[in-house]
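Take a look at the letters that make up each chain.
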Amino acid sequence: MRFVSLTAVAALAILTAAPAVAQDTIKIGIVVEATGPNAEAGVFTLNGAKLALEEINAAGGVLGKRLELKPEDNQSTNPGTVLAFSKLFGEKGIVSIIGPIRSTQIQAASPTIAKAGIPTMIGGTDPSLTKVNNRWVFRGRPNDSYSSRVIADFGVNTLKKRKWAIVHSTDAFGSGGMNALTASLKALGITPVLVQGYTNNSQDFTPVVLAVKKSGADIIGTYMTNSPDVGIFAKQLRQLGVSADWVGSPSLVSVTAMELAGPALNGVHSVADFTPDASAESKAYTAKYKAAYKLDPDVYSSWAYDAMRILARAIGDAKSTEPEAIRKGIVGIQGWKGVEGTYSFDDKGDGLRGYNVVRIDNGKVGFIKHIDFKD
Amino acid sequence: MPRDPLPSFGTPRAPDPDPERKPSVEALTNNLQVIFQGLALGSIYALVALGFVLIIRATNVVNFAQGDFAMLGGYAMVLFFSALGWPYALALVAALVVMAIFGVLFNYGVYYPLRHRSFLPVLISTLGASIFLQNTVLAVFGPQPRPLEKTLPVDGINVGGVFLDSQYLVILAVTLLLVLGTYLFFEKTLLGKKLQATSQDKDMARLLGIPVALMISITFIYSAVLGGIAGVLVGPILFVSIGMGSIIALKAFAATIIGGFGDVTGAIVGGLLLGVIESLAAYHISVPYKDAYAFLALFLFLLVRPQGIFGEKVSEKA
Numbered sequence: 037m038r039f040v041s042l043t044a045v046a047a048l049a050i051l052t053a054a055p056a057v058a059q060d061t062i063k064i065g066i067v068v069e070a071t072g073p074n075a076e077a078g079v080f081t082l083n084g085a086k087l088a089l090e091e092i093n094a095a096g097g098v099l100g101k102r103l104e105l106k107p108e109d110n111q112s113t114n115p116g117t118v119l120a121f122s123k124l125f126g127e128k129g130i131v132s133i134i135g136p137i138r139s140t141q142i143q144a145a146s147p148t149i150a151k152a153g154i155p156t157m158i159g160g161t162d163p164s165l166t167k168v169n170n171r172w173v174f175r176g177r178p179n180d181s182y183s184s185r186v187i188a189d190f191g192v193n194t195l196k197k198r199k200w201a202i203v204h205s206t207d208a209f210g211s212g213g214m215n216a217l218t219a220s221l222k223a224l225g226i227t228p229v230l231v232q233g234y235t236n237n238s239q240d241f242t243p244v245v246l247a248v249k250k251s252g253a254d255i256i257g258t259y260m261t262n263s264p265d266v267g268i269f270a271k272q273l274r275q276l277g278v279s280a281d282w283v284g285s286p287s288l289v290s291v292t293a294m295e296l297a298g299p300a301l302n303g304v305h306s307v308a309d310f311t312p313d314a315s316a317e318s319k320a321y322t323a324k325y326k327a328a329y330k331l332d333p334d335v336y337s338s339w340a341y342d343a344m345r346i347l348a349r350a351i352g353d354a355k356s357t358e359p360e361a362i363r364k365g366i367v368g369i370q371g372w373k374g375v376e377g378t379y380s381f382d383d384k385g386d387g388l389r390g391y392n393v394v395r396i397d398n399g400k401v402g403f404i405k406h407i408d409f410k411d
Numbered sequence: 002m003p004r005d006p007l008p009s010f011g012t013p014r015a016p017d018p019d020p021e022r023k024p025s026v027e028a029l030t031n032n033l034q035v036i037f038q039g040l041a042l043g044s045i046y047a048l049v050a051l052g053f054v055l056i057i058r059a060t061n062v063v064n065f066a067q068g069d070f071a072m073l074g075g076y077a078m079v080l081f082f083s084a085l086g087w088p089y090a091l092a093l094v095a096a097l098v099v100m101a102i103f104g105v106l107f108n109y110g111v112y113y114p115l116r117h118r119s120f121l122p123v124l125i126s127t128l129g130a131s132i133f134l135q136n137t138v139l140a141v142f143g144p145q146p147r148p149l150e151k152t153l154p155v156d157g158i159n160v161g162g163v164f165l166d167s168q169y170l171v172i173l174a175v176t177l178l179l180v181l182g183t184y185l186f187f188e189k190t191l192l193g194k195k196l197q198a199t200s201q202d203k204d205m206a207r208l209l210g211i212p213v214a215l216m217i218s219i220t221f222i223y224s225a226v227l228g229g230i231a232g233v234l235v236g237p238i239l240f241v242s243i244g245m246g247s248i249i250a251l252k253a254f255a256a257t258i259i260g261g262f263g264d265v266t267g268a269i270v271g272g273l274l275l276g277v278i279e280s281l282a283a284y285h286i287s288v289p290y291k292d293a294y295a296f297l298a299l300f301l302f303l304l305v306r307p308q309g310i311f312g313e314k315v316s317e318k319a
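Here the protein sequences line up with chains A and B, keeping their order. Each position in the first sequence, counted from 1, maps to that position plus 36 in the numbering used here. Each position in the second sequence, counted from 1, maps to that position plus 1 in the numbering used here.
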């Protein structure tokens with residue numbers, strides 16, 4: 037009897053071991069802002085990644101395995117980001133990571149990522165992030181050298197405006213954007229009549245608005261980080277009678293900024309890497325996201341959706357989960373249509389080279405045109 | 002979505018009503034505009050600072066959750082007005098009732114158990130309460146900042162080139178009324194005098210038959226309601242967010258020191274002064290350093306007049 041039970045146990049063990057191997061998953065880490073002041077974006081980012089994950093798994097997974105997402109909170113801070121990355125790198129079996137969307141956080145975590153040597157998709161748009169000799173970061177969004185070129189190109193060549201005021205946040209993203217926009221305008225032979233910085237969470241933009249008014253600018257280019265700042269600035273510009281053209285960075289069309297500013301953003305142009313009706317892919321994504329979360333998608337989710345699918349594709353193409361193979365797989369992605377645009381990765385890790393230009397009217401984002409650059 | 006009467010961006014600028022206007026007139030209107038904004042934001046600092054001071058006087062403790070009272074008031078209004086769709090007045094009353102109840106809970110949960118300890122444990126207790134409140138609201142309402150309707154249905158009026166935002170006007174008016182009310186309450190009513198006696202000397206007050214615990218409870222209620230009002234008033238301008246209270250509280254705390262630690266008049270004057278100083282300095286010197294001016298002013302005061310404008314030379318009473 038004892039013998040029988042032992043063999044039964046052994047047989048059971050063998051039987052259960054087989055499916056256990058088949059159920060083995062490919063683990064992908066994701067560092068998101070689940071708590072802290074930017075937690076709004078973190079929820080969206082996780083939504084986007086999960087949506088892609090479910091689709092990939094429903095279609096049979098990658099290399100015959102299911103994908104598994106391992107979220108880690110970065111508390112919306114730089115130290116938190118480094119900690120979250122270290123934690124994920126320390127975990128067994130994580131083959132790739134989707135990093136956060138803030139440039140400053142990626143700057144902080146970059147050495148950790150380089151040391152770990154694990155392919156990481158990033159959403160930060162500071163151009164320098166992929167140019168610091170870190171072979172392991174790949175950008176799921178176009179970088180700010182392109183957003184500034186599109187802002188400048190659209191303002192000068194389409195709107196035909198040449199008296200520019202640049203308003204920017206003084207954080208890493210805003211200052212980087214300001215420098216890039218100044219350079220892009222210079223390439224078109226224009227020196228801005230005003231370059232005005234402000235710190236995040238400014239409660240009052242009156243001095244900024246008055247400076248814009250005084251400068252006589254007929255177009256405003258902005259790199260603003262926080263949605264409440266966008267809302268306050270937009271309202272005060274209008275209250276003080278400034279109705280110049282306004283072309284800004286993608287934060288203008290975030291769901292939160294539009295909800296806070298309401299009709300005050302009427303007539304504003306913005307560059308956006310994600311626009312619901314820009315392409316067949318983005319239209320399909322919008323429908324799926326709305327069905328899943330009862331929310332309108334924005335860039336915070338769309339880039340993570342693309343990043344997840346890029347990683348799955350790279351792993352599938354490489355037929356391996358080794359870091360070097362995944363890296364090769366990502367760089368090998370050329371002319372692939374994602375929801376943000378058509379990805380063609382270069383050796384540095386940049387995949388997108390253009391932006392959509394959109395216009396906000398009565399809370400609706402209308403697609404105007406897509407501007408792409410070759411270099 | 003409500004219609005906005007102002008022109009959209011990218012429309013030709015309205016013709017200047019007075020193209021012959023002298024540059025000096027323009028400079029004057031701009032300065033008046035900046036001062037108006039400064040006074041309005043300063044009023045909010047003043048309201049929160051007033052809440053600070055009342056609790057400092059009653060318990061000798063700085064309440065680090067004072068800014069979060071404003072945040073809670075804002076969210077209560079979001080709940081009753083925006084989410085449940087109650088009429089504005091009813092939602093406002095409900096929000097203030099919630100704040101009053103919250104004041105009692107705060108007293109018995111955060112201050113009362115530690116009342117016989119030194120100021121440090123209580124101070125840390127309020128700091129803990131602040132973190133707890135912010136994360137509770139995060140869990141309940143989610144991280145997105147919320148817009149809030151203005152108190153009046155108009156955007157504002159333009160007086161000779163200076164735009165007076167209706168919400169800022171409401172903030173100024175309400176602050177004025179509350180300051181007046183607080184003064185009358187403390188100086189002219191028996192309850193106010195009992196509260197003053199409690200804040201001056203608890204043992205003596207107890208000997209005189211004043212129910213000290215009740216007086217402190219009332220102080221917390223009043224302070225929570227003041228914070229709540231600040232949140233409801235400023236919500237339409239700065240939006241209602243988890244972090245809104247911390248931003249205001251930091252400035253309000255600086256205002257209490259500039260005005261004179263624990264002085265009611267000082268809190269008001271300090272708040273208004275701080276608002277105007279940072280607005281003017283941001284306009285005339287440099288915008289990115291706006292927050293720095295407030296703290297530079299604080300630094301100068303600590304250096305030159307550490308007891309603040311209205312503070313007594315010796316602040317501790319024997």
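Derived from the structure by calculation, the hints contain no laboratory data. Warning: the hint list may mix true and false statements.
Said to hold, decoys possible - Computed footprint of chain A on chain B; a stretch qualifies when at least three of its residues, placed anywhere within it, have a C-beta under 8 Å from a C-beta of chain A:
#1 32-45
#2 134-144
#3 157-170
#4 237-245
#5 276-285
Unchecked claim - Residues of chain A clear of chain B, computed beta-carbon distances all greater than 10 Å:
#6 Q239
#7 I369
#8 K405
Note that the Cβ used here is the ideal one computed from N, Cα and C, for glycine as well.
Hints and how they fare:
1. 32-45: holds (count 5)
2. 134-144: holds (count 4)
3. 157-170: Coverage by chain A holds here, the residue count being 3 at a Cβ distance below 8 Å.
4. 237-245: This one holds; 6 residues, not fewer than the three required, reach chain A with a Cβ under 8 Å.
5. 276-285: holds (count 3)
6. Q239: Check fails; 5 Å does not lie beyond 10 Å.
7. I369: holds, 33 Å
8. K405: With a cut-off of 10 Å, K405/A remains clear of chain B, as the shortest Cβ separation is near 16 Å.
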